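Participant: Work out the full structure, taking the sequences as your base and the hints as a guide.
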Amino acid sequence: MAELLRTEHLSMEFGGLRAVSDLAITISEGEIIGLIGPNGAGKTTVFNVITGVYRPTTGKVVFAGDDITGWRPDQITERGIARTFQNIRLFETMSVLENVMIAKHVRLKATLSEAILGLPRYGKARQQHYQECLELLEKVQLDDVAFEQATSLPYGKQRRLEIARALATEPQLLLLDEPAAGMNPQESLELMEFVKRIRQEFDLTVFMIEHHMEVVMGVCQRIYVLDYGVTLAEGNPEEIQNNEKVIEAYLGAVDIDA
Amino acid sequence: MDKHAKLKFILTLLVVLVSFGALYIAQGTMNSFYIRVLNLAAIYAILALSLNLILGFTGMFSLGHAGFMCIGSYVAGILTMSPASKEIIYFMEPIHPLLANVQWPILPAILLGGIIAALFGFMIGFPALRLRDDYLAIATLGFAEIIRIVVTNVIPITNGALGLKNIPSVDSLLVYWGCAIVTLIVLMRIINSSWGYAFKAIRDNEIAAQAMGINIFKHKLLSFTIGAFFAGIAGALMAFLITSIDPTMYRFTFTFQILLIVVLGGMGSLSGSVIAAVIFSILMEVLRFVEQPMNLLGLEISGIPGMRMVIFSLGLLLIILFYRRGLMGTNEFNWNWVLNRLGIKTSHQGKRGEAN
Ligand SMILES: Nc1ncnc2c1ncn2[C@@H]1O[C@H](COP(=O)(O)OP(=O)(O)OP(=O)(O)O)[C@@H](O)[C@H]1O
Ligand SMILES: [Mg+2]
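From first to last, the protein sequence lines are chains A and B. In the working numbering, each number is its position in the first sequence, counted from 1, plus 470. In the working numbering, each number is its position in the second sequence, counted from 1, plus 28.
Worth flagging that the hints you see were computed from the coordinates, not collected in a lab. Heads up, some of the hints might be wrong.
[Unchecked claim] Not everything, but these chain A residues come out facing chain B in the computed CB check (under 8 Å):
#	residue
1	Glu501
2	Val523
3	Pro543
4	Thr547
[To be verified] Under the rule of at most 27 Å between Cα atoms (straight-line distance), these lysine-lysine pairs were calculated in the DSS-like manner:
#	chain 1	residue 1	chain 2	residue 2
5	B	Lys34	A	Lys594
6	A	Lys609	A	Lys579
7	B	Lys246	A	Lys594
8	A	Lys594	B	Lys36
9	A	Lys579	B	Lys246
10	A	Lys666	A	Lys627
[Stated by the list, open to error] Listed next, the stretches of chain A that the computed footprint assigns to chain B, with coverage defined by at least 3 CB atoms under 8 Å from CB atoms of chain B:
#	stretch
11	474-486
12	572-586
None of the values given here were measured: they were computed from a predicted structure. We put the CB at the ideal spot given by N, CA and C, even for glycine.
Facilitator: This is the structure we're talking about:
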């Protein structure tokens, strides 16, 4: 399988704090990969560096053959990486459908003056995006709430809307930052089924942060374990479960959590 | 999508036609004082609408509006004054020979006023829009002040501190309200377009907007430049309304008045801005008496200039403390509401009903 994402010697420092240190990740097309680690391990920072929110202190990020280090977040989105956020970031004044349609703005093949004058090229393009987004909402079972205020949805649906919005950018790689946070085991399980399903349906590669190890074990083919910014281990679920260092640094913490 | 779209379009057209008819009749029957107040209201409406685009819809805390307005005023004034007046008025230093003999008609001068202001908006936005919030406010405030100081000092072009006089007077309601209505329609179309939603996405959550592929800087600059354009148009109209202008008119306090209107009308509501602009202009006249000497229960009070602004500032304070949404919040006047009141079910309401 072809390589999709690769990081080389990736480090991110905040002042004196090394949030990510010498990270080397390789993800192939079609994989579902997990990134786990205790609180403050640097997981979100890895996503922020990959998506261009931060410029890494050293190292580089290569996506589908392009060195995307230092690109702006919107350029990286355009290149094919979409993400969700650990703390939900919806457009609060907009409806569910409008939230998803924002992603289509950059794909609009018409100018602002065409929009102001109401010329057919704009109207047609917009209408088409409207249909596409409605269909997308159907696929993720949010079509019944399409015209509701996004922030009025129950928590679980807000999470799903964030994923739908990311899908609307038509990504190759989807980054999910703790998508199951705040969910009970049953809900987490359903969400993981949902992730598997959209990966099939949208032909995606998924890179997922999870705090709770059990959740990722069922879906991920390979898992990276981070602790204090350092990669502790990498491997398939069994290998991770049996890794001494991981058990020491991570599983202990989970037990205390639980 | 909307089975009442045609009805709404006809209603809108009707309202526009009726308002133009009303303007035409008002022009013939109202006394010149009232016409002047209404024209001022139109200018305030344009200013509030354009600041609302920047502040209310894109979430950029810019305080440079008086500066853009100043540019519009001067461009329109210089372009339309007669060569004879220019020769008389520019007595500190003669006017630059290139400008001495130009005398444009009103409408192209208004348009160029807007375009030059937009150009400045673009140039100022380029460095300033890398900043956010209070830093952006301070930077734009500074730039507006720089514009004013430059205008005071390029005497061969602007006649410096003496300002311009004998700018052709325009008192036609059609010109002022025509511009205001065009501004409203254009901004409404922008706000409801894909671009408008991109602006609102930036306002709601910049990081998420960027993750949706939106180039934040480009869109902020676009919104800022469009805002500056309409502020320039309003400035040009102001020049024709009061016919003599000087740099002191365009101090920060002017931006503050516009800010007040925007907040009063509701940040993120175009119709709110128009309503608030009309209320503000009328109140400014009605409250004129508070600045005159008066006899309060046997107490002689001499006139206090600026008292009206004190009242308005207190009003602003009260709004921000107790009614932050303003008159309209982020709502717009819309036909659905009117139609529902008239007992006609609109499609959108129906959809909601089904969903529940
Ligand atoms: N912008 C920033 N400035 C300074 N320090 C930061 C910044 N972002 C993250 N950090 C620090 O980097 C470390 C890693 O944070 P990060 O959010 O990546 O952890 P995480 O693994 O996602 O944790 P959690 O499970 O709590 O989400 C933390 O110590 C955090 O305080
Ligand atoms: Mg995190």
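Participant: Just pull the numbers of the violated hints for me, sorted ascending.
Facilitator: Going through the list in order, the structure violates hints 1 and 11 and respects the others.
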